[in-house]
Amino acid sequence: MCRPGSRRDLGQGVDRRHRQRRPLDHESPERHRAVKTRTMAEQLQNMFLWLAYGDLNVELAQLRDEGKQVTPALEAEFATLLKLDHEELFSPATQRKAGTLLDETAALPVSDDFPYDEPSDLESLRDRRPDGPRAYRRPLSDRSVSERIHGGWLGRCIGCFLGKAAEGVRTDRFWPFLKDTGQWPLSGYIRYGVDGKLARKYPDITALRWSDQLEYMPVDDDTNYTTASLLMLRKYGPAFSPADVAQFWLENIPTLAAFTAERVAYRNFMLHVQPPHSASYRNPYREWIGAQIRADAYGYVNIGSPERAAEFAWRDACISHVKNGIYGAMFMAALIAGAPYCENIPELIEAGLAEIPARCRLAAHLGEALEWYRQGITYDEAVARIHATWDEYDFHHWCHTIPNAVICITALLWGGNDFGSSICKAVQPGFDTDCNGATVGSIMGMRLGIAGIAPAWSARLNDTLHTSLAGFNVVKISRIADETLGLMEQKSDS
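Per UniProt numbering: the sequence shown = residues 1 to 494.
Worth flagging that the hints you see were computed from the coordinates, not collected in a lab.
No experiment lies behind these values; they were computed from the predicted model shown.
A portion of the hints provided could be inaccurate.
Cut-off 27 angstroms, straight-line C-alpha distance, at most; resulting in silico cross-link-like pairs (DSS-like, lysine-lysine) [stated by the list, open to error]:
{"no.": "1", "residue 1": "Lys97", "residue 2": "Lys83"}
{"no.": "2", "residue 1": "Lys235", "residue 2": "Lys201"}
{"no.": "3", "residue 1": "Lys68", "residue 2": "Lys83"}
{"no.": "4", "residue 1": "Lys179", "residue 2": "Lys197"}
{"no.": "5", "residue 1": "Lys476", "residue 2": "Lys235"}
{"no.": "6", "residue 1": "Lys179", "residue 2": "Lys201"}
Construct the complete structure from the given sequences, taking the supplied hints into account.
In structure tokens form, the structure reads like this:
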């Protein structure tokens with residue numbers, strides 16, 4: 001997932017005119033000190049505690065996505081703020097004005113001709129679901145369950161590792177690099193270390209060669225949240241509430257280990273804004289991918305019960321996301337829970353769609369991708385259609401729930417029920433590559449079990465996961481899978 005302050009934030013939702021500037025050597029000492037002081041102040045300003053250029057741009061796009069009535073006068077108010085220089089925008093008076101503007105936009109009505117019906121509360125969205133299996137009665141042996149849970153955890157780590165170094169590399173660079181280095185189509189871990197002419201042609205990509213030497217799953221928010229969800233369940237049990245999730249975050253997840261919607265929610269908790277209002281209060285990122293990447297553990301512990309898995313995911317997602325941001329989490333949790341039971345991938349996707357509102361944007365786009373598959377188009381054509389619909393250079397598209405969920409089911413549909421093929425097809429299209437690789441790896445690991453993951457994939461990580469969570473900074477993947485099984489046994493005994 002995107003990390004604020006990294007190179008991929010530059011120019012993505014942030015006005016290039018307002019990047020920090022290095023003092024010139026010929027400037028006076030006084031001028032040098034003034035610029036240096038301002039630069040330090042700018043560095044200390046956290047774009048998810050203050051309302052910055054990116055927040056305002058994303059909010060305007062998000063309003064349009066939700067079908068809100070965006071008037072020319074409202075657009076002009078946003079434009080006025082976006083024209084301000086850095087010091088003006090971050091002044092207390094302007095911050096108050098920007099905050100008030102976001103409060104006003106939250107109350108905007110949805111246009112009468114908006115074709116979707118998208119509630120965020122659990123009861124209302126359940127009323128709008130299509131029929132579905134809800135739970136599977138066919139029992140799995142204890143051994144099969146163990147193999148699936150281990151496969152899910154290992155698959156998530158492998159898929160995340162595959163996509164992690166490629167995160168933020170847009171396809172107009174990524175695809176030529178893969179082709180020039182004999183790695184197209186993607187079929188294994190990406191080799192970034194090249195020399196000579198290729199190194200000179202792709203200096204930005206070969207800088208990622210650090211991943212070639214890693215022999216474990218490094219710290220990543222995608223696996224941090226899966227681990228955090230497990231530990232939260234261990235503390236609060238299956239009756240946990242949204243407030244319990246928020247409390248666990250505050251006690252265990254470092255603030256700067258959270259990004260976009262999660263960091264906004266974190267800020268809101270500290271301001272005593274409670275769930276579910278913490279998801280919508282001044283949160284432009286409320287439909288981004290963050291909740292979707294937090295859903296996996298809820299699928300693991302509810303294997304065979306997609307409805308219950310989706311409910312667990314809702315309790316987690318509603319503290320930071322609304323509408324399709326929530327639906328993405330519920331959909332993926334349901335897929336993970338149902339993965340061992342469905343005869344084929346289309347059936348599995350239908351089971352996931354049965355846990356979200358039938359007339360939401362996510363369901364519409366996922367249904368469209370499912371129809372592409374049934375029409376017999378190629379994987380490459382499906383990816384081309386995704387890129388024709390969403391712009392990977394638009395930060396809002398790049399990190400939004402919907403295009404990334406479509407990439408995930410495209411990988412599943414065209415992956416041939418093969419673990420390696422599926423995760424490669426999740427990463428190759430670009431967008432949020434580590435998130436998508438992790439999600440598809442998790443689903444396929446649960447579907448096939450650990451025996452379905454070839455040693456060429458598993459050996460690289462040496463059964464080792466690094467996280468930002470105390471007591472789990474370095475942990476065996478097999479150990480955390482065993483912890484998950486232990487939780488499931490406690491739930492069945494209670």
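Comparing the hints with the structure gives:
A C-alpha spacing of about 14 angstroms is found between Lys97 and Lys83, which places the hinted pair at or below 27 angstroms, so the restraint holds. In summary, the hint linking Lys235 to Lys201 is not supported, as the alpha carbons are separated by about 51 angstroms, beyond the 27 angstroms threshold. At most 27 angstroms may separate the alpha-carbon atoms for a hinted pair to count; Lys68 and Lys83 meet this at roughly 23 angstroms. Under the criterion of a C-alpha separation no larger than 27 angstroms, the hint pairing Lys179 with Lys197 is consistent with the structure, at around 14 angstroms.
With a C-alpha separation of about 20 angstroms, the suggested pairing of Lys476 with Lys235 holds against the 27 angstroms cut-off. A threshold of 27 angstroms between alpha carbons decides the hint, and for Lys179 with Lys201 the separation of about 13 angstroms falls inside it, so the pair holds.
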